[in-house]
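Participant: One-letter residues, chain by chain:
2 protein chains.
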Amino acid sequence: MSDSHSEIKSFIEENKDRFLNELFDLLRIPSVSADSKFKTNVEEAAEFVKEKLIAAGADHAEICPTAGHPIVYGEKNIDPSLPTVLVYGHYDVQPADPYELWNSPPFEPVIKDGKIYARGASDDKGQMYMHIKALESMNSFGDIPCNLKFMIEGEEEIGSENLGVFVKENVEKLKADIVLISDTGIISNDAPSICTGLRGLSYVEVEVTGPNRDLHSGMYGGAVGNPINILCDMIASLHDENKQITIPGFYDNVEELSQEQRYELNKAPFDLEDYKNELDLGDVAGEKGYTTLERIGIRPTLDVNGIWGGYTGEGAKTVLPSKAYAKISMRLVPNQTSEEITQLFTKHFESIAPASVKVKVTPHHGGEGVVVPTDSIGYKAASKAFEDAWGKSPIPTRDGGSIPIVAMFQKILGLDSILLGFGLDEDAIHSPNESYGIENYVKGIETITRFHHRFAELNK
Amino acid sequence: MSDSHSEIKSFIEENKDRFLNELFDLLRIPSVSADSKFKTNVEEAAEFVKEKLIAAGADHAEICPTAGHPIVYGEKNIDPSLPTVLVYGHYDVQPADPYELWNSPPFEPVIKDGKIYARGASDDKGQMYMHIKALESMNSFGDIPCNLKFMIEGEEEIGSENLGVFVKENVEKLKADIVLISDTGIISNDAPSICTGLRGLSYVEVEVTGPNRDLHSGMYGGAVGNPINILCDMIASLHDENKQITIPGFYDNVEELSQEQRYELNKAPFDLEDYKNELDLGDVAGEKGYTTLERIGIRPTLDVNGIWGGYTGEGAKTVLPSKAYAKISMRLVPNQTSEEITQLFTKHFESIAPASVKVKVTPHHGGEGVVVPTDSIGYKAASKAFEDAWGKSPIPTRDGGSIPIVAMFQKILGLDSILLGFGLDEDAIHSPNESYGIENYVKGIETITRFHHRFAELNK
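Listed in order, the protein sequences are those of chains W and A.
Count the first sequence with our numbering and you get residues -11 to 448, in order.
Count the second sequence with our numbering and you get residues -11 to 448, in order.
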């Protein structure tokens, strides 16, 4: 098989500006899956992805409706005897609020200091679109070393609620040798890395109800349980003084790493002072007995992602509110299941509610953690692809984030996933001023083309 | 001096509908002092009060500008040898949100089951306006037994920030023998009562800042202190297991009542089961060792009136926010000063902040508690006025609310205040569906006219 690496590389360089402009068109579409008022924009983004797949050389592409937002599916078939790579990505984005903290409008991409600033620039439009441009680049030289399938969804940021159904119903169609996903990060452009582990997720919303109406805090304060104070008590009690989670059974199935595994993990370049300075933190905080890299990579967590109740407007209102609310998520590690943890949380949270309030727990969505074997053909191909494009062998890492569908692909399709991501911590995904490095975008496209070549070779 | 009690009583009955319609016109003005977008409505309400004072027979009335919302001042001088009563009230109201919980629009008053439903119906437009109608009623018979002064402000719901300055600058103008205020309640229409004690108030807003930007809770959760979790920890730590407040020095100056005083206080008719049922509570909650009446009347409290942070929109967002906020108020009892408690809170709250966050405490407003002597001429006049109009001798009570200016009148003008209020707990002041009983409005007007007569008599 021919391997026109250098031609493909120069082709990417020559078309860089066009590749960026196309991504900008996609970033201008506010495809926020969590908020129903953006529904038509989500559909618009799906249509955009479909058209670009065909323009890039796919044999065909289609929009597959689901109970929620549609999935875009495309194929490029070369030869049944060649291995098949199933590319997964998502075209939906996180909500952009708080808007006031953005330096430029979230859906009007701008370039500053070599970075693209926009919601979704890194997560995941920028990283997903690299695969479409990789297809185009290889296709322009008739040099595609394996069969390609694309499954780009629109519900990743809300828990991929309908992807599982689609996958179950299309097992044959999705037959492949490996899943390739670019939705994670590298340590730095000087220290490329591959994510070999992800945390699972259990996300719930809680509602605490005290009196049947808002009350005057003077006439009732001190005698009637205040749902906000009580919600704070309940949330505070979910961690002990060592910042361990107090939910009974929470740690029962947690994967315990060997000293050697922990040693390997902590070899990744990391400077605590830089980390604190970059975030303007007086100190880090987390579970006693673990390093920052371990707290993020191998330990489960419980974070309040949102809280609200009572009067939050201008000035002062002396109200004892009827209700208080919180959105709480738990990051899970391998062997913890989302369903089990959600049940344990619900049971415990209801059990600690005092008689003066009623509690309601509503599960939002969840997903399982995953570990990627570093001795697999897929991982080796990814490692060599980095060496080809970055001139460095990548460091295996454990990320704290969650891509629930990775475990689902393993379960339903029996396929491992390779997390070939190119984002950086400084990309500030899910935050105001999300960005993605132009170098990462361009080198990422090249790395992806190299992955397909290496993967085809190693499968010979 | 003539005493045309029965004529005045029938005059009030005959003019009841007009008296109600005039109040409705006032209730239609959304004079929310806490929210700057209602500024012109607040001015409109002041103008309304001024005009009605003149129409009711005041010698003159004027609108006195302040650094904030204006104060309406009016006078009716009869004879320098007669005692003078200074009537205080306020024409501003609490914010009406949450609007969605109102059964009818808050600023479109309606009558249902003998009650007026509107924001401010009871607190304090309804109760304040009774004094203007009492003036008109007495004046229509040329039967005003004492000199009257009216001081109606527009900043009570935001802490009367500029009233103190006005009073200091007008000590001569405000010379009087007693201050008369209708901004409190009675136990029930079958058990009239007079408030002889009020709690003070310290109101602060706190801001907890963690990382300098919102973060992805997967990539940072477990390693970076979450400002919401930490705010919850800090708030939870402000009470111990007996629901006593843990701020060092908080109870140092708290007035301790004798067993006999507590016994008297608990004689007020109160049914705990009714109380729980009316509020749909599984149980009450408060400081160990005290009854519900004591918790409200004689003990200080700490309540969170509002809390917010992170993502509070539709769906799920896995954010570790940069900031979390809360509005916290403390009700104070006699001998605790607002300034002292605000300082103690600030010092303590800053001291318990972990190194992973920065804390900012902003005082909103405060006021001192007060106790009204039951052996004074003013209290006796009020007691007899109730006997005249309600046929029952009123029970002395201690309310949980705060009217900071009562202590201020004592300090600057050397005047005691009589809290001749006619509201009921069910009025739901500061809550959606605030109401005020028509019977309370009408009987209140009569009671006020009786107070002036009894006060003049007792001063002879």
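Derived from the structure by calculation, the hints contain no laboratory data.
Careful: at least some of the hints might be erroneous.
If chains are identical, the list can't say which one is meant, so a pair holds when it fits in one copy or spans any two.
[Stated by the list, open to error] Below, a list of computed lysine to aspartate or glutamate pairs in the EDC-like style, where the Cα atoms sit at most 20 Å apart: (1) Lys(-3) to Glu39; (2) Lys161 to Glu1; (3) Lys161 to Glu244; (4) Lys156 to Glu282; (5) Lys399 to Glu375; (6) Lys25 to Glu96; (7) Lys348 to Asp268; (8) Lys368 to Glu266; (9) Lys(-3) to Glu10; (10) Lys399 to Asp262; (11) Lys335 to Glu160; (12) Lys(-3) to Glu160; (13) Lys335 to Glu243.
Participant: State whether the alpha carbon distance between Lys335 and Glu243 is at most 20 Å within one copy, between copies, both, or neither.
Facilitator: neither (23 Å within a copy, 43 Å between copies)
Participant: At most 20 Å between CA atoms: does that hold for Lys399 and Asp262 within a copy, between copies, both, or neither?
Facilitator: Classified as neither: same-chain Cα gap 39 Å, cross-chain 56 Å, threshold 20 Å.
Participant: Under a CA distance limit of 20 Å, which applies to Lys368 and Glu266: within one copy, between copies, both, or neither?
Facilitator: neither (33 Å within a copy, 68 Å between copies)
Participant: Go through the copies and call it for Lys156 and Glu282: within, between, both or neither, with a Cα cutoff of 20 Å.
Facilitator: neither (34 Å within a copy, 63 Å between copies)
Participant: Should Lys348 paired with Asp268 be assigned to within, between, both, or neither, using CA atoms and 20 Å as the limit?
Facilitator: between (36 Å within a copy, 16 Å between copies)
Participant: With 20 Å as the alpha-carbon cut-off, assign the pair Lys25 and Glu96 to within, between, both or neither.
Facilitator: within (19 Å within a copy, 31 Å between copies)
Participant: I want to check one pair: Lys161 and Glu244. Are their C-alpha atoms no more than 20 Å apart within a copy, between two copies, both, or neither?
Facilitator: neither (37 Å within a copy, 79 Å between copies)
Participant: Treating 20 Å as the Cα threshold, decide for Lys161 and Glu1: within, between, both or neither.
Facilitator: This pair counts as neither: shortest intra-copy Cα distance 34 Å, inter-copy 84 Å.
Participant: When no copy is specified for Lys(-3) and Glu160, does a C-alpha distance of 20 Å or less occur within a copy, between copies, both, or neither?
Facilitator: For Lys(-3) and Glu160, the Cα distance exceeds 20 Å both inside one copy (34 Å) and across copies (89 Å).
Participant: Which holds for Lys(-3) with Glu39 at a C-alpha limit of 20 Å: within a copy, between copies, both or neither?
Facilitator: For Lys(-3) and Glu39, the Cα distance exceeds 20 Å both inside one copy (24 Å) and across copies (83 Å).
Participant: Go through the copies and call it for Lys399 and Glu375: within, between, both or neither, with a Cα cutoff of 20 Å.
Facilitator: Classified as neither: same-chain Cα gap 31 Å, cross-chain 81 Å, threshold 20 Å.
Participant: Have a look at Lys(-3) and Glu10 and pick one of within, between, both or neither, based on CA distance no larger than 20 Å.
Facilitator: Intra 19 Å, inter 82 Å, cutoff 20 Å: intra-copy only.
This entry does not satisfy hints 1, 2, 3, 4, 5, 8, 10, 11, 12 and 13, going by the numbered hints stated previously.
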